[in-house]
Amino acid sequence: MTTTRRSLLKTAGTVAGLGVIGMPALAQGAAGKVVVIGAGFGGATTARYLKRLNAALDVTLVERDDRFITCPFSNYVVAGFRKIEDLTQGFDGLRKSGINVVKGDATAVDTAGRFVTLGDGTKLSYDKLVVAPGIELNFAGVPGYSEAAAEKLPHAWKAGPQTLLLRRQLEAMPDGGTFIVCAPGNPFRCPPGPYERVSVVAWYLKNNKPKSKILVLDAKDAFSKQGLFQAAWESEFPGMVTWISGKDGGKVESVDAATMTVKSGFGNETGAVINVIPPQRAGAIAQAAGLVAENGWCPVDPMTFASARAQNVYVVGDATIAGAMPKSGSSANVQGKVVAAAIVAILAGKALDAPALLNICYSLVTPDYGISTTDVYQVSADKGITTTPNAGGVSVKTPTALNERKLEAEYTVNWYKSITSDIWA
Amino acid sequence: MDIRGPLAVLVTCLLPMVASAQTAGPSGQAMAQTCYVCHGPDGKSAGPIAPLAGLPKDHIIRQMTEFKTDRRPGTIMNRIAKGYSDEQIVAIADFIATLK
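Just so you know, the protein sequences line up as chains A and R, in that order.
With our numbering, letter number 21 in the first sequence gets 21, and the count goes up by one each step, no holes.
With our numbering, letter number 45 in the second sequence gets 45, and the count goes up by one each step, no holes.
Simulated from the structure, these hints should not be mistaken for laboratory data.
The reader is advised that the hints may include incorrect statements.
What the hints assert, rightly or not - In the DSBU-like style, the derived pairs of lysine-lysine whose C-alpha atoms are separated by at most 30 Å in a straight line are:
#, chain 1, residue 1, chain 2, residue 2
1, A, K83, R, K44
2, R, K44, A, K417
3, A, K158, A, K213
4, R, K57, A, K417
5, A, K247, A, K220
6, R, K44, A, K406
7, A, K397, A, K209
8, A, K417, R, K82
9, A, K152, A, K247
10, R, K82, A, K397
11, R, K100, A, K417
12, A, K83, A, K406
13, A, K383, R, K100
14, A, K33, A, K83
15, A, K383, R, K57
16, A, K211, A, K247
17, A, K350, R, K100
18, A, K383, A, K96
19, R, K44, A, K96
20, A, K103, A, K83
21, A, K417, A, K406
22, R, K100, A, K96
23, R, K82, A, K406
Said to hold, decoys possible - Just a sample of chain R residues kept apart from chain A, beta carbon distances all over 12 Å, derived:
#, residue
24, L55
25, D58
26, N78
27, R79
28, V90
Said to hold, decoys possible - Residues on chain R that point at chain A, a partial pick, calculated with CB under 8 Å:
#, residue
29, G25
30, P26
31, S27
32, T34
33, V37
34, C38
35, H39
36, P41
37, G47
38, P48
39, I49
40, A53
Glycine included, C-beta positions come from ideal geometry on N, C-alpha and C.
Please model the complete structure; the sequences and the hints are all you need to start from.
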């Protein structure tokens with residue numbers, strides 16, 4: 001029970017007469033040691049909710065960086081209406097929640113001996129391990145692309161220096177140039193992300209370099225919120241954006257950083273700026289720990305997100321195969337709560353709650369034009385995670401007097417404040 | 001978060017029974033915690049998305065039902081509310097009403 005174990009204990013401690021009521025709750029809190037790898041949306045949520053649900057747990061959060069820069073809102077840094085500092089989440093709030101935040105690079109997991117090895121040789125033992133490594137970019141998935149080539153053709157699909165590089169290139173781009181986006185096939189991190197990026201870059205170009213064009217070369221034939229994005233491109237930036245589907249030749253065959261060209265069935269296109277979003281797979285530690293299936297992602301029990309490949313290990317967020325759920329910050333956040341509740345129940349020898357899963361993805365087309373997609377999920381042992389019928393879906397096609405686009409732009413900003421305070425504040 | 005007083009403690013302690021009574025689906029708490037994605041931790045939102053903390057149970061049930069049946073116009077809540085049964089809405093409201 002959350003609202004929470006902490007406040008319940010506090011109450012029990014301060015209201016003497018109710019100590020008896022508080023005592024069973026204490027007994028439920030069978031102590032255990034949980035290690036979480038990764039302080040992003042999934043990992044930090046899990047760590048925080050473990051402590052909320054049972055303050056007696058020993059929770060260690062391993063993260064290689066001193067802070068986490070969110071991918072959500074990083075497109076707005078590229079477009080120039082947010083600063084990278086606005087997206088930078090520190091870990092003081094997690095420490096104040098009683099989480100032991102350890103800076104280190106998890107390099108190996110011994111699932112039989114139940115310990116994690118860090119780059120400096122430190123070994124962390126656990127009763128339960130949560131692996132939340134996010135994605136690894138598969139540079140080799142695009143011939144001609146590499147980590148070195150990304151210094152000239154940024155992916156900007158992990159927020160940080162790459163985001164700022166793409167911003168600088170956009171600012172330096174001449175009016176009349178072409179901004180090329182190479183979009184990957186499914187599945188990948190943030191399904192609406194490439195198209196939100198196209199939108200806000202178009203907004204920047206319209207206001208600053210209006211003779212410029214955007215060309216999207218896509219491995220797919222369809223994408224998230226497609227109807228809404230394409231209608232918005234026509235109404236807000238007429239004639240600026242061209243999207244080429246996979247079946248029309250959009251799948252990229254190779255890129256060349258020296259000549260700034262992209263080869264596809266559509267032809268050889270030269271760009272002033274080329275943004276290559278390569279295919280992806282589960283983060284490296286998930287691979288090293290043997291948690292990954294042949295498709296590069298981590299199979300899990302949909303009821304608890306327990307790894308299908310190892311005992312006492314759970315996987316959350318982008319690294320998972322989570323049925324109908326997209327790889328998003330919102331998905332990772334609600335999955336983290338499911339994992340935390342499952343671990344707390346299992347360590348206490350109590351019955352499992354059923355998982356409650358939903359997703360919400362807001363996107364901005366301009367700072368004042370927002371759209372969304374959402375789903376509520378059902379979970380069953382045989383069908384896994386599926387969308388609840390006759391619910392969810394995307395924003396209205398035609399806005400009404402409610403002014404949905406403006407409202408959802410405000411909600412986009414509010415979503416960011418809410419989810420980041422839920423996780424890191 | 002500031003649950004104070006005997007009533008609040010009793011409500012908190014009774015919730016597991018409510019949860020275990022409906023073995024088919026997630027508890028009200030589990031569902032309510034997914035609301036925090038937009039409505040903020042413990043239902044505390046900076047706005048303009050409505051804060052949930054402090055709302056009475058009946059009000060939450062009424063709003064969710066009106067979103068679900070499209071009697072109340074909205075943006076995303078109409079789509080979300082349709083994902084829950086009437087019983088689940090009551091369970092969510094039961095838990096949210098404990099948030100202060």
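Consistency of the hints with the structure:
no.	hint	in the structure
1	A:K83 to R:K44	holds (25 Å)
2	R:K44 to A:K417	holds (11 Å)
3	A:K158 to A:K213	holds (25 Å)
4	R:K57 to A:K417	holds (25 Å)
5	A:K247 to A:K220	holds (8 Å)
6	R:K44 to A:K406	holds (22 Å)
7	A:K397 to A:K209	holds (29 Å)
8	A:K417 to R:K82	holds (25 Å)
9	A:K152 to A:K247	holds (28 Å)
10	R:K82 to A:K397	holds (18 Å)
11	R:K100 to A:K417	holds (19 Å)
12	A:K83 to A:K406	holds (22 Å)
13	A:K383 to R:K100	violated (38 Å)
14	A:K33 to A:K83	violated (38 Å)
15	A:K383 to R:K57	violated (33 Å)
16	A:K211 to A:K247	holds (28 Å)
17	A:K350 to R:K100	holds (27 Å)
18	A:K383 to A:K96	violated (40 Å)
19	R:K44 to A:K96	holds (19 Å)
20	A:K103 to A:K83	holds (25 Å)
21	A:K417 to A:K406	holds (17 Å)
22	R:K100 to A:K96	holds (21 Å)
23	R:K82 to A:K406	holds (23 Å)
24	L55	holds (14 Å)
25	D58	holds (19 Å)
26	N78	violated (9 Å)
27	R79	violated (5 Å)
28	V90	holds (15 Å)
29	G25	holds (5 Å)
30	P26	holds (4 Å)
31	S27	holds (5 Å)
32	T34	holds (5 Å)
33	V37	holds (5 Å)
34	C38	holds (5 Å)
35	H39	holds (6 Å)
36	P41	holds (4 Å)
37	G47	holds (7 Å)
38	P48	holds (5 Å)
39	I49	holds (4 Å)
40	A53	violated (10 Å)
Comparing the model with each numbered hint stated earlier shows that hints 13, 14, 15, 18, 26, 27, 40 do not hold.
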